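Okay, so the sequence shown: first residue is 1 according to our numbering, each after it adds one.
I should point out that these hints are in silico values taken from the structure, not numbers from a laboratory. Watch out, some of these pointers could steer you wrong.
[Unchecked claim] Okay, derived cross-link-like pairs now, DSSO-like style, lysine-lysine, Cα gap no bigger than 30 Å in a straight line: (1) K273 x K298; (2) K203 x K247; (3) K247 x K273.
Just so you know, these numbers come straight off a predicted model, no measurement behind them.
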Amino acid sequence: MKTIHLLLSFAVATVAGASSARAQSTLSQNKPTWWDKYQLLSKSGSDPAPGATGSATADGNVDVSDECGPQSETYITLNPPRPRILAAGANEIFRLPMRRYFSSDGGASWGGVDLPLPPARQGSNDTRFGSDPSLAFDTRGNLYYSYIVVFFGNGSGVNGTEMAVARSTDGGRTYPSVTYFSFETGSSRFNDKPMVTADTNAKSLFRDNVYVAWDAAVGGTSAGGVRVGRSSDNGASFSVNRADDPKGPGKAIGAVPFVGPGGELYVAWNDYKANTIGFNRSFDGAATWGAASVVAGKRIPFDIAIPAESFRGALVYAACDADRSSGPHRGRLYCSWLDLNDDAVTTNIFLSFSDDRGASWSAPAPVGDRVAGVDRFNQWLSVDPVTGQVDVAFYDTRNDTTGSRYQTDYYLARSSDGVSWLADARVSDASSNEHDCGGTFPCSAINYGNQQGDYEGPAWRIRSGPTAAASRSLRLAAAGPS
1 MKTIHLLLSF AVATVAGASS ARAQSTLSQN KPTWWDKYQL LSKSGSDPAP
51 GATGSATADG NVDVSDECGP QSETYITLNP PRPRILAAGA NEIFRLPMRR
101 YFSSDGGASW GGVDLPLPPA RQGSNDTRFG SDPSLAFDTR GNLYYSYIVV
151 FFGNGSGVNG TEMAVARSTD GGRTYPSVTY FSFETGSSRF NDKPMVTADT
201 NAKSLFRDNV YVAWDAAVGG TSAGGVRVGR SSDNGASFSV NRADDPKGPG
251 KAIGAVPFVG PGGELYVAWN DYKANTIGFN RSFDGAATWG AASVVAGKRI
301 PFDIAIPAES FRGALVYAAC DADRSSGPHR GRLYCSWLDL NDDAVTTNIF
351 LSFSDDRGAS WSAPAPVGDR VAGVDRFNQW LSVDPVTGQV DVAFYDTRND
401 TTGSRYQTDY YLARSSDGVS WLADARVSDA SSNEHDCGGT FPCSAINYGN
451 QQGDYEGPAW RIRSGPTAAA SRSLRLAAAG PS
């Protein structure tokens, strides 16, 4: 089988040195990072709309966005029956709408247009923007793009947030329908970090169900905690319930839904109150949930200001998937997350797996190469549904030449079982730096409140390869078939 290796990348720069870095970020727990974006745009205004864009190719890399401004939190997916159809999304750092991208030739060329935003809420000053993209295809070729809409009111802070799921029937060229739901007023309980998936198992009772998981900050009631939206009507409507302990504090971030080979739905998240990776499962298509459990304990509760991400902070979140192949590990669940190494200074990506549908988990172990003195962060994990290969992609500072762990590259670790790993593959062809511009610090071209964002993903290898985010514009490097 031929494999088209892909890199979806957004520019990465590095951050203030270790001596000035916060040991542990707490700001992000109290104020969403989009507050920084709102302040920036309210003072300097939004970049002009680029309209419909194409892509540009140079030195084997495809600039997917081909825009002047930067993007972050890139996400890419493909249509498994037609793997040359690709779709991607990204945050627009200096603009209000989300951006969507589409390709029908395996990533050689791309188009780009904005996603719609809803009308302004009463009392707002017409400031609202989209954030946090993720995308998934179902078995019928429907493409779903999930994001949040953030409303601001007359300089007084967050006026509300709501979930959005847009649906495309033409591979992402157009999104004629968008479903908005789960509106929350104010900033005390804001919706954040949604992830979307679809049940693509041919024999599942819940085939083509669409699931969205996210966190509603400040829980303690049915309105908080880890929420899961379920749609059985092609995204036209969503029923919502809570996957973590409904009586618990709801201190969670970074929920990720993933589907097993029999249509089982799993959700994992960072429980920063208990300092664990939380987990739950549903065997009836998200209608009901079992008792929440734990994948593993960890050292970093919420985020950490490593040198390469010292202003925004590297977020701890779960990136998980299930082996849906017919291979020897069919049904195995894999979860990965960021945590401290034993030196209590540098960070790494750790992984646990389960062979009993999440009832028990292996002891956490680092993924890929063992490289001392480097930071890894913003990982994503995916499992090839044909071969069962496990791919974990992440930022890595091993090639830093500043001596301060500022410079990052994107790497891919590969395994057949989550235990033994091939040598890490460098995906980026040049290091990025979100700390300075050729030695100039601070640099006006860097949005220090966003830096590399919170995540990149996913990393596919089903007739497709790794994804990432690299410097200042959304890029896709195609290394060609192999």
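Hints, one by one, checked against the model:
For the hint linking K273 to K298, the alpha-carbon distance of about 11 Å falls within 30 Å, and the restraint holds. About 35 Å separates the Cα atoms of K203 and K247, which puts this hinted pair outside 30 Å; it is violated. For a cut-off of 30 Å, the pair hint linking K247 to K273 stands: about 14 Å separates their Cα positions.
When each numbered hint is compared with the structure, a violation occurs for hint 2 only.
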